[in-house]
Structure formats: C-alpha cells, structure tokens
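Chemist: Chain by chain, the residues:
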Amino acid sequence: MPTLTIDNKTVTVPEGANVLEAAKRLDIVIPHFCYHEALGSVGACRLCAMKFLEGPAKGIQMACMVEAKDGMVVSTQDEGAVDLRKHVIEWLMMNHPHDCPVCDEGGECQLQDMTVAGGHGIRRYGGLKRTYNNQFLGPFVYHEMNRCIQCYRCVRTYQDYCGGTDFGVLGCNQRIYFGRFRDGPLESVFSGNIVDACPTGVFTDKTFRFHSRYWDLEEASSVCPHCSLGCATIPGARYRELQRVRGGVNKETNGFFICDRGRFGYGYANHPDRPRIPRIGDREVSWDDSLEEARGRLADIAHRHGPAAIALLGSPRASLEANYRLLTLAHHLETDRIAFEAHPERDRTARVVAALSDKNSRSLEEIRNSDFLLLVGADPLNEAPMMALAVRQAVRRGAGAALIDPRPVGLPFHAVHLPLAAGRLSEFLQAVCAGTFENFSRQERTILEGIAERLRRAQRPILIGGGDLLGAAGVRDLLRTSEKLSKEDRPCGAALILGGPNSYGAALLSGETSDFNGILDGISEGRIRALVCLESDPFTDHPDLSRSRSALAKLDLLIALDCVPTTTAEKANIFLPVKAPAESAGVYVNNEGRMLAFASVFDPGTPIRVTGGGDHPPRVFEPGTPRNPPMSAWSVLGALQNRRESLNSLRREMEGEHARLAGLASLDPETDGRRVLPGGGRFEIPEIPAIPTEEKAFDLISIQSLFGSETLSAFSPVLDPVRPVPRFLMHSADAAEIGLAAGETLRVTTDRGGFELPVALSEVMARGCLFIAHLKGSPVDLPFPGVRFAARVDRRKES
Amino acid sequence: MNLWRGIKGSIQPFGITFRNIFRKPSTIQYPEQKRTPAPRFRARIILTRDPDGGERCVACYLCSAACPVDCISMQSAERPDGRRYATWFRINFSRCIFCGMCAEACPTLAIQMTPDYEFSKREPLTLVYEKEDLLVDHGGKDNEYNYYRHAGIGVVNPRGGNPDEAPPVDIRTNLP
Amino acid sequence: MIDLLTVVIILVKLILILGVILTLAAYLVFAERRILGRMQLRLGPNRVGPFGLLQPLADVIKLLTKEDFLPSQADKWLFLLAPGMASITAILAFAVVPFSPPLHLFGREIPMVVCDLNVGVLYFLALSSLAVYGVALGGWASNSKYSLLGGIRGLAQLISYELSMGLSLVPVVLMARSFSLTDIVLAQSPLPFAILNPVAFLIFMISIAAESKRIPFDIPEAENELVAGYHTEYSGMRFGLFFVGEYINVIILSSMTTVFFLGGWSGPLLPPLIWFFLKMLAVSFFFIWMRGTLPRLRYDQLMHFGWKFLIPLSLLNVIATGAVLLAIR
Ligand code: SF4
Ligand code: SF4
Ligand code: SF4
Ligand code: SF4
Ligand code: FES
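Protein chains in written order, with the numbering used here: chain U, 409 to 1207; chain X, 348 to 523; chain L, 1307 to 1635.
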C-alpha cells in the first residue's frame, strides 16, 4: 500500500494503482483521455502529465503510466506540466474539425471539456486539417472519423474488452484510422459500447442521431429490463420520449458496459401502438372509470362464483413492488390462485434458484475474478450477454472456461466446447459430483475428465447454468454440484441465467403457490372465471400455446396491466396502461439475488413527436401531460385495493412482510444494490412428466435469440434490422441422413403442431437435436424458449 | 461640523430639485417622435440564411441552452444531404427578455437580433413565433458566412474540400 | 333647535367637503406625478385628456376594474377592512377643520367647519392614532411576510412619531389657550405660530412627514426591501383606498399645519377660504417637493431620530414655551 504526496496532499492507494488513480482519490482531476477504469492505461493521449519531484520517477511523466510508489512527491500544477498539457491539447485540436454544433457528442464531449480545461482557445496552426472518409457501421453506430484524437479507447473496448474482431486500428503515422476493414455492420453485440467509450464524437448513437442534446435529456440511474442480469443503465428521455440508453456503472454487475439489446432495445417505451389510455373493451375511458369497472367486475365474479374464481398472474418483467401488490391483491380478493410467471418451467427454475442459491450465488464481478468457469446449457451471448463479457474478462486474466451445451454456441472468449444433448446435461452434472464419467463415450470422457480436473484445481471456480436448457431439475443439480465441489477454504460458486429481469424477485414472492398450468386447468374446467395479468402475456409466453389460448378464451373477465401492445393487452376486457420500466421507479432482483433499485427517468405521456406529428408541436399550453397518462403498476394495483400510498411506505411494508428483503426501503439507485438475505433452503420440484422419446424423433428445443425473444426489445423498432430469421438449426450429419442441405425448408410435426422453416446446419452441436431460434411476434407461432419436445421430421420439402 | 454638513445636505437638494422644475424635460414623446435604434439594438429575433440560400440554423440547441428564460425550443433532424436542421423551431417572445445571449451563442450566425422593437401584441399566443415566422431570406449582419464551408463534415463541399482541409487520407497506403 | 335648514346646510357642507377632498386627493396624485416628473426632467402623465388632466379618472377606472385579489389563508375580514380604516380615519379628521370664518347666509351665521369641537386638537390626535390600525391590520391580515414586516414597521413608526407630533402641539395649545381649532386660528393674529414658535413648527412638520409614511419616511412600504410593504397583497380598489388614503392624509395634514402654524384662513386681500387653500396647497407642494428631493431613511436612523432627538427636543420646547408664557404673564 504505497503512500504518496500529490499537490501537498497525502494518499495511500492499493498496490499497483497508478498515479492518475491516486490523484482521482484526492479529487484532483487532471485532463486525460486514454485512461479508463475498465480499460486501464496505455499512455496514448499524453494529456495526463504531472511533474514528479521525489521518488523513483523524476521529471514530467504521464501519470497514468507511472505506478504509485512510496515516497513519491508529485505536482499537478507545476508550470512545466500545465504548459505541456496545454500544448498537447492544442496539438490534438490541430486536426479537429469545426463541427461541434452538428456533433451529437457536444455537451458530453470530453474533448470539449479538456480543451476548455487545458486553456486552449484560438487556433494558431495555419496548415490544413487532415480528413478521413467515414464508414457505414450498421444501424447502431455512426462514424465520423475526422473527430478522432487517437486515444485508442474504442479499440481497447471493442477488441480487448468485448472480444470483437471486425473492428480495429488501421494505417500508420498521420493516417491512423479506427474502423472496419470494409464498410459493414459491426458484428459484436457489444458494439454500442464504443459510443460510450469514445471521448469525442467519432462514434455516436445512430438511433439517437440529432435527437437531443445531453443537457436537455432527463436522465436517471436505471436497471436494464431486458434480461436477468440487471445491468446498470442511464436512460435519457426528452419531450416524453425515451431517446437513448447509455451504460451505467455498477461494479457488481455490468461494470461500465452494456450489451446492444440493453442499449438499443428502448423503443418499447415509444412504440407507436403503445396503449396509453385505460380501456374497457374497445372504449377508452378515464382512470376512475376503469378502476371502478375493474373493482366492480372482480367483486361481481367473486360474488357469483366465489373468490377462488379469480386468478392473478404476475411477471418477471414487472418490478418487485408491482408483483408484491399483486400478491396483496390476491389476499384482498381472498383468492390463492396466483402465479408470477406464465411459463411454468421458468417459474419452477426461478423458484429453485431463489430457494437454493444462497452462499454460492455469484455476481458478475465475482465471475470476472474467477479462475475457472464451467458453462452448462448456457448461451450467454443470447441469453445474458454481459455474462459472456464477464467470463471473457476472467479468461483475459488467465482463467479457464469450458462449455457443455448442445447448441453451436458462439462466445467472445476461448472455451472448450462439448456439445452434449440437452437431456444429458443433468447426467453430466451428477457425474461431475460423483467424479466418474462412465456413461460417456471415450472421447467425451477425456474432455470431461480434463474439465473436472481443472474444476478441482481452481481456487475460485464458478458454474454457470442456463435456466432454459437446464430446467428446474437441472438447475437444482447444478446448485447441488457447486455445493458438493465447495470446500471450506475454496468455495465453488454458481450463477444461473433466468428468464426475466425480476425472475428471482417474482420467485421470492411465489412461495408454495401453484404454477400457471394449474390456473389454466382451472380456467378450462370453468372453476376460474377471471384473470388479472400484470405485465405478462400468457397468449404468447406459454410453452404450449394451443393449451393456453384455448383455456384463456373461456375467461369471463381478463384484466391486463401492461406498457406494450401485447396480445393479452389487445384481448383484455379491461386494460390498464402502466408505466414502462424507465418511467417508474422500482426494484428488480437479478439472477444473483441482488436487489437493484431504479429511479424514474421521465413522466409518461404521448411524446411531442407524436402530438406534433413530427412538425411543430401543438400551440396549446396546459399544465401536466395531456389526457390520462399511464400510472405505475404498483399504484394501479394499490388502487384496486383502495390503497393510496407512497413507494417508500410500500417498500417498508414489503420489508416487514418478507424477511429476505431486508434493506429494501433504503435501497438507492445510485449504489450497487444489495443481496437478498439467504433463506428458503428447500424447494420440492414437482414431478415433471418425462418427454416421450420416440424412435427417429428429434429433440426439438426452442432457444432464445438476443434480438428476438425478449418481450420489451421485441417491441423496439430500432432492433428490426438485426432480428434473426426464424429457422431450424440441425447437425450436418443428421441433415445428411435425411438428405437435407443448408437453406432448404424442413417440415416437422409435433404434438403441439407443425412447423415449416428453413434449416441451417452446424458441426459443433449435439446430434439428434433440432433448435428453433425464437422470434417474438414472428408470423409463425414459435414455441417459447425453455421447452423441449419430440418432433418428427415429416418430409423434406423441395423448395 | 457633521451636524452642519447634515443640515446643509438636507436643505441644498431642495434648491436643486426646485430649479429642475423649470428646465426642459428630456422626454421623447414616443409614438410621435421615434429614435433610430443603433444597429446592434436587440429586439425581434430572426433566423438568417447563408449566402447560398440554405438555412443557417443547424439546430444545435446552443441558443436554447444559453437562453436564460428558456424561451427557445426546437427539434433537430437530418436532411438527406447530411445537413442538420430544425424540423421545428419556436421562440416564445412573450417570455424573451431580449438579452441577446442566443445570438451570442449561435455558432452559425443563424439567430440574430434586429432593431425591430415594435411588435407587442394583445394575445400572448401570437407572440409564440414558429420557424416560418422567424426565417428570413438574407444573411442579416453577415452575408458571407457559411458554416458548412468551415465544418469538416462535407455537406456543401465534399469531405476534405473546404479551404482549410487536406483531401481525405488513403488509409491503405504504406508510403510515408 | 335643529330645523330643516340646519340639516340641509350640514349635509351640503358634508357633501362639499367630501367631494372637494376626494377630487383634491385625486388631483394631488396627478400633481405629484407631474411635479416629480419635472423635477426629474420628465414630463409625467400627459396623455389622458388635455395635459393629462383626466389621468386621475383613468386611474380610478383602472383600479375599479382590476381583479380584487384575496390571498389564500389571509384573514378575510381584517383584510377587507384595513383599507377602509386607512382612508376613513383620514377623511373623518376634516370634521374639525375650520376653512374660513363663519359665513353669513340666509340670515344666519354658518360656521365654516362641520363641527367646531372644543377639543378639536385631541380629536385630530385620536384619529391619527386610529390610522395606525389600517397599516397594522392590512399588514397582518395579508398572510405575507412582506406585508407583515411593513405592518410592523408602520406600527412602530406611527406610534413613535405620534408622540413628537402631539408634543409639538402642546405649545400651540398653550399659546392659544384652547383646544378648539377655530380658537387656535383666531389666536394667530397677527403672527402665526410658525414664526412665534419655529421649533414646534419644525418638529410638527417632521412628525407629520413621518405620519404620512411618505418619503423620506416611507419605510413601511420601502419598495426595494418590502415590495410594497403592508399593501403588497392588495389589488384593485382596495389598493386604491390605501393609495387615496395616503393623499387624503397629506391634505388633512397640510390643513392642520395651516391651522396650527400658518394662521389658518387669515391673510390680506384675498378671501379667507382662498387663503386657507393656498396655504394648504403650499404645504402639500412641500410634501411633494420633499419626496422629489430626499432619500429614504434607514429604519434605525428613523427610530434614533424620533426617540433620541425629536421627542426630547419637543419636551424641551414645551417647557421652554411654558416658561416663556409664564414669564410674559
Ligand atoms: S475513435 Fe474515439 S475512442 Fe477511438 S481512438 Fe478515436 S477518439 Fe479515441
Ligand atoms: S446483458 Fe442483459 S441486463 Fe445487461 S444490458 Fe444486456 S440485456 Fe440488459
Ligand atoms: S434574447 Fe435572451 S431571452 Fe430572448 S431568446 Fe435570446 S437568449 Fe432567450
Ligand atoms: S444556436 Fe444558432 S445554429 Fe444553434 S440552434 Fe440556435 S439558431 Fe440554430
Ligand atoms: S491518460 Fe495518461 S496518457 Fe492518456
């Protein structure tokens, strides 16, 4: 722990920290570009000059490149250092175009700040400015190369941190160029991070191009609602429109960066068809009328058929507060028919995780610091992208990684991949526990024994599982395995990928209640007459769509609360519009069991872009937002129970009711969140009927795709250009057996209907499996991810 | 001494004010008599055009940021040729205090103040000027300046074609 | 006893006085604006009517048609009452002002005073004390900090200067040997008291300047500190009442100065009534002139001056006058 003196102030920093970081600790801000906390220092910009007076280094040095040592005496205000910084800025500005007014970075541009801070004002250099041609980099990132100052942050982000390979630095001396070899969309799904990383306006958010200035945006700390990791984000809104999302900082989860789904999947809040006004049937009504009607019709059904005729369905997409209010609504209505997930298998998986993962649950930060990672049935790039980056950081630091998964999984790091059939994942986990791999083929055994050996030797190993492929039983096995492999001084962690941002939280509230299939049965048998759906869409999110749809059609009353135009919202008898995640405040519990609070960014209402039709906004002035804007889901549900309360009092109530949620009321969106307390401990998985195996049948598995499966991003028009095309994925050997070539159309029949899609082939996947990359809202009704069933390949269709 | 000064100081001014009564007032009788305002007089705001007839305003939001009473609002957008422009631009003159900060902040000389101060209205809403009301077809105080001839983004001239720019570099060459 | 004619004469007197005073007050406002304008090398209001002469009318119309505004949480009744208190007490004081010697009309002697009380001086002092209520209640009832501060300042100022005003009148009463204003006027021939007792005159002038709450003593409404002091929250005609009350006050105080120190209606050549008005207008002009000339005092200066200088001085003056009168007798 070296102690050094900077500007006559003394500071002690951890071993290995550099002098720039030490100065930051003292709140001494020195202009710098190339140093970044997550990317480290490279000494490229030459801006962080300080004068070293005493100690091992002497003279003017780049502070980011000098390791802090005991006894150093450093001056930041030394005349020579200040003068050098001033000159460096002037040199950087020599070629910089005169285009701040038309640059989207303006206002949040480090170069602007540093130029002012460095004291450079009037251009003295009389020569010509160097120029570049720009590249087309796809639908997300706009390129304006003239603005570059060669800090290398983009490359370090894109290549080093995110593992992208199609973008880098080209050219030499005065012609250094940051781009792709050719024009074309950036391939990495973390491409948006170069927008955040670039300190100037070379890379800007194309979806936000010329929308607003930074200073006009309403911003607040939020949490990404698009997967179970709960990355920190900072959405920005203006004129009642969510206009962009940038990465927030949460050292325990995402660190500094986010994936492109989290960044560009924000369009749901401004969806043109977003229902913003309460509805009874097709009639738009006021809030008072709709709530009155909902209360009245629920009371009527309870009166006529008994309270048990009302069922409620929560959602892993809704905040913890809203789900809790749904639970108390059930108590209020005196019914116990409540589920918190329309997908029963995901429901069970989440409950297993919430009940069993206590001490061995690991955060992304712990994954980044792990030394061996075993991924089982997990496709992080599609299911929880930042998890892939966390593993990549561990691998960059020397950790090993292995992947057991039937799919041809693409990863931004090197890992041993063994494609094991989905049905054998549990078997594998049990074998790891037992330490013997007798049931596996010789070839498999060699690999598996190697993996087991690494696992034994590793000091901080973590097992990563994908909830969809493992299922509840598999997840339970994974958690048991991690416990089994733990020793007193060497715990083995586990991290599970769950269905939605609040799956864990919803599972916490579920307790022992039945799953949604039980409710569907009740509806089919006529025992249940009314269903209240909170931000869930049982019409499309159930694994057996024919079953759910035929049952739901029998309902007398369907009440839906949502912020996007889902099928359920369309079909609801009473529809109550609620605030989108960025509009309301709330808490999600992420896959690790970490409570993450998010603040409300802006007030909902029809955007000015819509009310003005793109042109001048209307010339009427009135206080407040026009008409009946959406309300927070928890307050709508509270109103149905005749409660008027503040978010704070609600959180205090929840804290009192649920021991595991301690600290909820004092949760601050600016912090890294806090883990729920351990508890639960037991969860009995109900017997799940085995999948009937048939001769010559394929294991049909629907899997998630990054830009296709998740509900909110599915309503984001910005992502349309990158949506996957629905297709089958098949082992080339299997295809050869039935004489099928890549691109041809395959038709399969299952007991849940037939599908007809083109087929893509792969070598690195398990035999006997057929995958469908799920696409929400696709014209073909695809089965929802997290379900496996047998499929018969009917015939090969000539195209 | 002080007392004497106090008394004198209290009495003397009476003489001065009394004498003033008989001097000629310096009032200008406004609607009948008018002064010619100085060229830099700050009154009604206009949006000017560049010498090529294009809208100068690039909707950079600097004027709205500079405006101390927040009376300028706009929405920027991109034209097919890459020009940034304001789809709508609104100044609420019933709020404007004619401080000139907006004109000072404008990097393109688009927003300028004119000496036309006689435009009070009875209806506040008629003082909300939209882009059509603000746009004029001349360059105001400077008819020469065209921002895009100096910004290196290739709108008026091809990239690297402005007077102070070198042509785009060839990144594939290895020559020094 | 009381016959119809007496009643008619009293009524006519009342109506005349009321009409004359209100018109006078309105035109005093106008005169002040014009004179102040000229003192500041401006023109003043000159647009409404010839030379702007209809300006007071326009102002009245404007005040009457403006919204009457009641601040939330104000004490409603007191708030509505206070402006009345301010102007009515001022008007009432005219009851004892003798404008000229009694007239002989219809074969009887008509006193040119509504009511020649034998304790007229006391009546005047009592009413000017009551005027404090308008300020204090208005400031209090508005439920506004500025108003409250203004009200408190007004209260302290009026009470302080009431003392010196009263004390400066003691020599007058001593010299006239009567509390009746008519007697006081009659006692001032050949020489007015202003010359006989200039110290009392000076003290009285300063005190009434303070009583009228006008520059340099407009501390209760000091614009640049308190917005408008005790009448900050008043609008429309209620503000108008405060406003007009101030000018009626100027008129009554000028009249009182005339009566107490300037010999009332007495004067050569011109009829007594004209003399009275001339003297009164001269004093009013002096008020305006003072407004155009002197800056506002600070609050502490005001209090110091009142308590530590003016009151001791007036006490001394009472003793001195008494001594001189004793000596003469
Ligand atoms: S493009 Fe941006 S991040 Fe990359 S080197 Fe240039 S200035 Fe730095
Ligand atoms: S990894 Fe998941 S939580 Fe993080 S930004 Fe991407 S979608 Fe959002
Ligand atoms: S003159 Fe001042 S107040 Fe008026 S629009 Fe410009 S900046 Fe705003
Ligand atoms: S500062 Fe000038 S260029 Fe920028 S938005 Fe205002 S008028 Fe347009
Ligand atoms: S931050 Fe140190 S050289 Fe760039």
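Just so you know, these hints were derived from the structure itself, not from any lab. Predicted, not measured: the structure shown is a model, and the values here were computed from it. Glycine included, C-beta positions come from ideal geometry on N, C-alpha and C. Any given hint might turn out to be false.
Not the full set, but computed from the structure, chain U residues with beta-carbon under 7 angstroms of chain X [as the list claims (entries may be wrong)]:
#1 P509
#2 R621
#3 Y622
Chemist: Quick one: which hint numbers does this structure break? Sort them smallest to largest.
Modeler: 3
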